[in-house]
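Given chain A's structure and the hints, the job is docking chain B onto it.
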Amino acid sequence: GAVVSQHPSRVICKSGTSVKIECRSLDFQATTMFWYRQFPKQSLMLMATSNEGSKATYEQGVEKDKFLINHASLTLSTLTVTSAHPEDSSFYICSASVSGLADTQYFGPGTRLTVL
Amino acid sequence: RKEVEQDPGPFNVPEGATVAFNCTYSNSASQSFFWYRQDCRKEPKLLMSVYSSGNEDGRFTAQLNRASQYISLLIRDSKLSDSATYLCVVPSNAGNNRKLIWGLGTSLAVNP
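Top line first, the protein sequences correspond to chains A and B. One gets my numbering by counting positions in the first sequence from 1 and adding 1 to each. One gets my numbering by counting positions in the second sequence from 1 and adding 512 to each.
In case anyone wonders, no lab produced these hints; they're calculated from the structure. The model shown is predicted, which means the values in this text are computed figures rather than measured ones. There could be a bad hint or two in this list.
[Claimed, not checked] Below 25 Å or equal to it, Euclidean Cα-Cα: the simulated BS3-like pairs (lysine-lysine) are:
id	chain 1	residue 1	chain 2	residue 2
1	B	K611	A	K56
2	B	K557	B	K611
3	B	K611	A	K65
4	A	K67	A	K56
5	A	K65	A	K21
6	B	K611	A	K21
7	B	K591	A	K42
8	A	K67	B	K611
9	A	K21	A	K67
10	B	K611	B	K514
11	A	K42	B	K557
12	A	K65	A	K15
13	A	K42	B	K554
14	B	K554	B	K591
15	A	K15	A	K67
16	B	K554	A	K15
17	B	K611	A	K42
18	B	K611	B	K554
19	A	K42	B	K514
20	A	K21	A	K56
21	B	K591	B	K557
22	B	K554	A	K21
23	B	K557	B	K514
24	A	K42	A	K67
[Said to hold, decoys possible] Far from chain B, by Cβ distances over 12 Å, these chain A residues were calculated:
id	residue
25	I13
26	E23
27	L27
28	D28
29	T79
30	H86
31	D89
32	L117
[As the list claims (entries may be wrong)] Chain B stretches covered by chain A per the calculated footprint, using a threshold of three residues with CB under 8 Å from any CB of chain A:
id	region
33	541-554
34	610-617
A virtual CB, placed ideally from N, CA and C, is assigned to each residue, including glycine.
Extracted from the complex, chain A is given alone in its bound form (with noise of 0.2 Å):
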């Protein structure tokens, strides 16, 4: 139980393009969603944490209408890129609560962008 999907696993776009992630639940309601960047060599480091239903909570120094988040059902919820740039080029996870704990997290395979 308690599985995690992400989708696109990868993906390869163009400077200014817009992309779309998409990170479902697929056997449990999520409450609360994560989303995470790490670079190469790097830790994760928490962008935003949306709950269903309201708007994303933003953590310090990521720009909200870069990063643009809906969380719109319980089982659903997406990071959308805006006018990406080559400095955008990370691996994305996103983690979804059952509780709206941080503790308990459960993680979904990962998004790989690369912005040429």
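Just chain B now, kept in the frame of chain A:
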């Protein structure tokens, strides 16, 4: 002191060796701790949770030292499949949000 700090390694050990990683944390109020394992280009996977003095699961033992604010992970009888990056994670209550603070990870390579 960084919120969560780990020796990045890499640790290169032969099969069958015992290896230990340390992780220090800055928030003395932290009550729970986690060790995750991350393989290259994959998502992190929970290896072990630590809520009291320690935890043991097969070849893996985690110990918590609250006085010195560090947790350790001991791997006995290392297998080739143990090669990965081990991430120390500490929940943080920052403002109204509870979130996970991730260490940089310690890289382990188990050699035949």
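Status of each hint after checking the structure:
1. B:K611 with A:K56: holds, 17 Å
2. B:K557 with B:K611: holds, 17 Å
3. B:K611 with A:K65: Holds, because 18 Å separates the two Cα atoms, which is no more than 25 Å.
4. A:K67 with A:K56: holds, 15 Å
5. A:K65 with A:K21: holds, 14 Å
6. B:K611 with A:K21: Within the cut-off at roughly 24 Å; holds.
7. B:K591 with A:K42: holds, 23 Å
8. A:K67 with B:K611: Roughly 22 Å between the alpha carbons, so the hint for K67 of chain A and K611 of chain B holds.
9. A:K21 with A:K67: holds, 12 Å
10. B:K611 with B:K514: Holds: K611 of chain B and K514 of chain B sit about 16 Å apart, inside 25 Å.
11. A:K42 with B:K557: holds, 17 Å
12. A:K65 with A:K15: It holds: about 21 Å lies between the C-alpha atoms, which stays within 25 Å.
13. A:K42 with B:K554: Distance ~13 Å between K42 of chain A and K554 of chain B Cα, so the pair holds.
14. B:K554 with B:K591: The hint holds at about 19 Å.
15. A:K15 with A:K67: holds, 16 Å
16. B:K554 with A:K15: This hinted pair holds, its Cα atoms lying about 24 Å apart.
17. B:K611 with A:K42: holds, 21 Å
18. B:K611 with B:K554: Since the Cα atoms of K611 of chain B and K554 of chain B sit roughly 21 Å apart, the hinted pair holds (cutoff 25 Å).
19. A:K42 with B:K514: Answer holds: K42 of chain A to K514 of chain B is near 17 Å, not above 25 Å.
20. A:K21 with A:K56: holds, 17 Å
21. B:K591 with B:K557: Holds, at roughly 18 Å.
22. B:K554 with A:K21: Given that 25 Å is the threshold and the Cα spacing comes to 19 Å, the pair holds.
23. B:K557 with B:K514: holds, 23 Å
24. A:K42 with A:K67: Within the cut-off at roughly 24 Å; holds.
25. I13: It holds; I13 of chain A is separated from chain B by about 15 Å at its closest Cβ, greater than 12 Å.
26. E23: holds, 15 Å
27. L27: holds, 15 Å
28. D28: holds, 17 Å
29. T79: At about 18 Å from chain B, T79 of chain A clears the 12 Å cut-off, so the statement holds.
30. H86: holds, 22 Å
31. D89: Since the minimum Cβ distance to chain B is about 18 Å, D89 of chain A lies beyond 12 Å and the statement holds.
32. L117: holds, 19 Å
33. 541-554: holds (count 4)
34. 610-617: holds (count 7)
In this structure, none of the earlier numbered hints is contradicted; all agree with it.
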